[in-house]
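Number of protein chains: 2
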Amino acid sequence: MVTDTGMVNAFVEGAAELDAATAAMIADRKKLLGPAYRLFYQRPVHFVRGEGAWLYDPEGNAYLDAYNNVTSIGHCHPKVVEAVSRQMATLTTNTRYLHDSVLRYADRLLATMPEGIGHFMFTCTGSDANDLAVRIAQSYTGGQGIIVTETAYHGITQTVAAFSPSLGENVPLGAHVRTVPAPDSYRSATGDVGAEFAAGVQAAIRDLQRHGIKPALFICDGIFSSDGVFDGPAGFLKGAVEAIRVAGGIYIADEVQSGFGRTGDAMWGFQRHGVVPDLVTMGKPMGNGYPVAGVAGRPEVLAEFGRKARYFNTFGGNAVAAEAAMAVLEAIQSEGLVENARETGRYLKDGIQALASLHPCIGDVRGAGLFLGVEIVSDRVAKTPDAAMTTRIVNGLRDERVLISACAKAANVLKIRPPLIFTRDQADILVERLDRVLSRCA
Amino acid sequence: MVTDTGMVNAFVEGAAELDAATAAMIADRKKLLGPAYRLFYQRPVHFVRGEGAWLYDPEGNAYLDAYNNVTSIGHCHPKVVEAVSRQMATLTTNTRYLHDSVLRYADRLLATMPEGIGHFMFTCTGSDANDLAVRIAQSYTGGQGIIVTETAYHGITQTVAAFSPSLGENVPLGAHVRTVPAPDSYRSATGDVGAEFAAGVQAAIRDLQRHGIKPALFICDGIFSSDGVFDGPAGFLKGAVEAIRVAGGIYIADEVQSGFGRTGDAMWGFQRHGVVPDLVTMGKPMGNGYPVAGVAGRPEVLAEFGRKARYFNTFGGNAVAAEAAMAVLEAIQSEGLVENARETGRYLKDGIQALASLHPCIGDVRGAGLFLGVEIVSDRVAKTPDAAMTTRIVNGLRDERVLISACAKAANVLKIRPPLIFTRDQADILVERLDRVLSRCA
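Chains as they are written, first to last, in the UniProt record's numbering: chain G, 1 to 442; chain W, 1 to 442.
Isolated chain G, as found in the complex:
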């Protein structure tokens, strides 16, 4: 269900009967935190503990977490707990003093990037990272114009909310922002997703220019997670990236969703498209629960901004953040989690694909690694989005104690994003319960 604020899978009062404890907590939230907070699900869930791919409610019931991408290497990964506990007890100072953790981390992170990306800057959240990237892009290009996909989400600072159309119509887009259709492989008119997508970006560039606005940047999430999860065909980003560069703007890869091995074929989502960004932003899974984020970029793009504007983020790049992030990167690499995302992701995708023959509401199964999108339609030929059915499935799975959510402009794509440590057994559980829910919902 999409609420008045455009949020998919939001709790809406009165949509379902609630137990007394849940109702009381919701009342407390309203009283203490006020009206801006939203919960997931028709019957919100209360968690008290997490471990690996599992979350537990106060009664000890286990929920299979196939959604939370902050805890990407598993809830409460012991190496991250150890790193944070140790460094919290040792030193928490910031980048105005010398400290080697930030340098060791930047060095190791940059080693995962393509040639040409030479600097790394620490922020605290993905929103911060995108906000900083915009400031850098506008300084470097001298332009203001921003191009995003039409259901994109990039963050919640005022600057970034102004180019995050998925926040809904009550959060206006900036006058310098243009949206383009997502690279929709399921509904492509010509079959050439890349050409269609590039044409959209070119049209947006012309429209900006027609209004006297110089394009500064094109930004997209490497897996188009809010637009509906579009992963292929690989390479479809090339034309769009070329177009923005020809217009004097830069390409920012928002890897908050698709980074750190999520897509299974590489460390970064943009890599599957064979493009090298000017700036790369990252966040959520970087510290597996500890707040840390950042921007990597080409030195020539950062040069003028750095010289003129300086940048200090009190919490960004503190010693604990760097140690937490190092523990995560180390775990991804030493535990073979990119490979697991690829292998288990393929296994899970095959399992869901097999359900399509049984359940006609499954219009398309797509995604890369452990980020899958399942398009729910009421008519396979017309490809008619079915948001109501999608809501029933998401809430049905919640009742079966499996956590997923939904996305897309029409709110009809299941968003399945398990931790990178997901196992085949856990994939089996997910597929089995999804099968049950689909049978019940039909």
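Keep in mind the hints are simulated off the structure, nothing from the lab.
Accuracy of the hints is not assured; some may be wrong.
Heads up, the list lumps identical chains together, so a pair's fine if it works in one copy or across two of them.
In silico DSS-like links for lysine-lysine, alpha-carbon gap of 27 Å or less [said to hold, decoys possible]: (1) Lys308 / Lys30; (2) Lys31 / Lys308; (3) Lys214 / Lys238; (4) Lys214 / Lys308.
From a predicted model like this one, the values you see are computed outputs, not experimental measurements.
Got chain G sorted already, so can you dock chain W onto it with the hints?
Here is chain W on its own, set in the frame of chain G:
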């Protein structure tokens, strides 16, 4: 020394001879982190460990920390380390699920606020908090105009940087921003600081209106920390707050610097002025090294924004953040740290005041609790700011292993901000070494 980016106490290459290890780390920072990062001091310091009011370099030398206000209850406070370690190992999920820590914290935090402040929203950084506060203020008032003091610092998102004049001339102020002179008790022309300050705000309001810009908000830091530390006379904020409200705008108290007991007379800096803000923002010391921040506010101010715009901050209000913040609030209250800030702050202020009779460069000693400002002048009668002497003192103290910094438009005010656990013995050390440095620098 003020650099090209307007930063006080920034490291400038070539200003002093560096040892090989320091030079190598600085070269690594430039290579890996790029040009936007700045260090403190002519000879930057490398820390590896912190405990209480002390920081230690790799050789084991102890530095008395009279500057870092993130670690406000002391470096590596065991209760905070314990809370973060425990919760990191238990659960780190966000506010889209029910969790009681955020509610317990909001309840306890709101109990420290004056009547009328009824909601609390979690963010991750003080910049986030001010960015959110602007969005709320503009939504509530329908205005855009922002009034700040002329050397204010409120944060580093694009929106907030546009009203943070202390970032220097290379970061332009927004067309909707007006600056007013700080409430300078040392150079007041009439002796009525409050009336002068209110007149400045009224003039800014008229100028905004003359340009067709409706005032949305007046924001100030409760101790004017970047402007030069202005604490009194108590009550001087009243006229300014009245003026912005008459113009249809709101008053935002930025308590990132002055909050959580820092000023010694109350939990919040605004309280000494007998005013009740519409929104209160807070950050740095809230988690004593763990990234957590927030906005408290009047329910009627938050109502429309919350209903229309929703707000989700992935890391803001995660379970660990709430537990860290709870441990800090608990320590401030159970260890009597507000009282200690008042008592030890007065003792330290008296000690520095006593140095004024020996050292004519001390023009004024001011501040509240454990946030002191010492104005350095070359001529006491003319009150001529002496930035060069200020730099020598700050760096001289660093060589004596005492950490402070400097601030103010003319970069001539020593900024002394020890942790709230500071003892009389530590105050004695600071005064004794400051005396030595002042003798040497004169």
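- Query: For the identical chains here, do Lys308 and Lys30 meet the 27 Å Cα criterion within one copy, between copies, both, or neither?
  - Reply: Answer is between; shortest inter-copy Cα gap is 15 Å, intra-copy 44 Å.
- When no copy is named, should Lys31 and Lys308 be tagged within, between, both, or neither for a Cα gap of at most 27 Å? between (45 Å within a copy, 17 Å between copies)
- Query: Which holds for Lys214 with Lys308 at a C-alpha limit of 27 Å: within a copy, between copies, both or neither?
  - Reply: within (21 Å within a copy, 31 Å between copies)
- Message: Checking an output row: Lys214 and Lys238, CA cutoff 27 Å. Within, between, both or neither?
- Response: within (21 Å within a copy, 45 Å between copies)
Hint compliance for this structure: no hint is broken.
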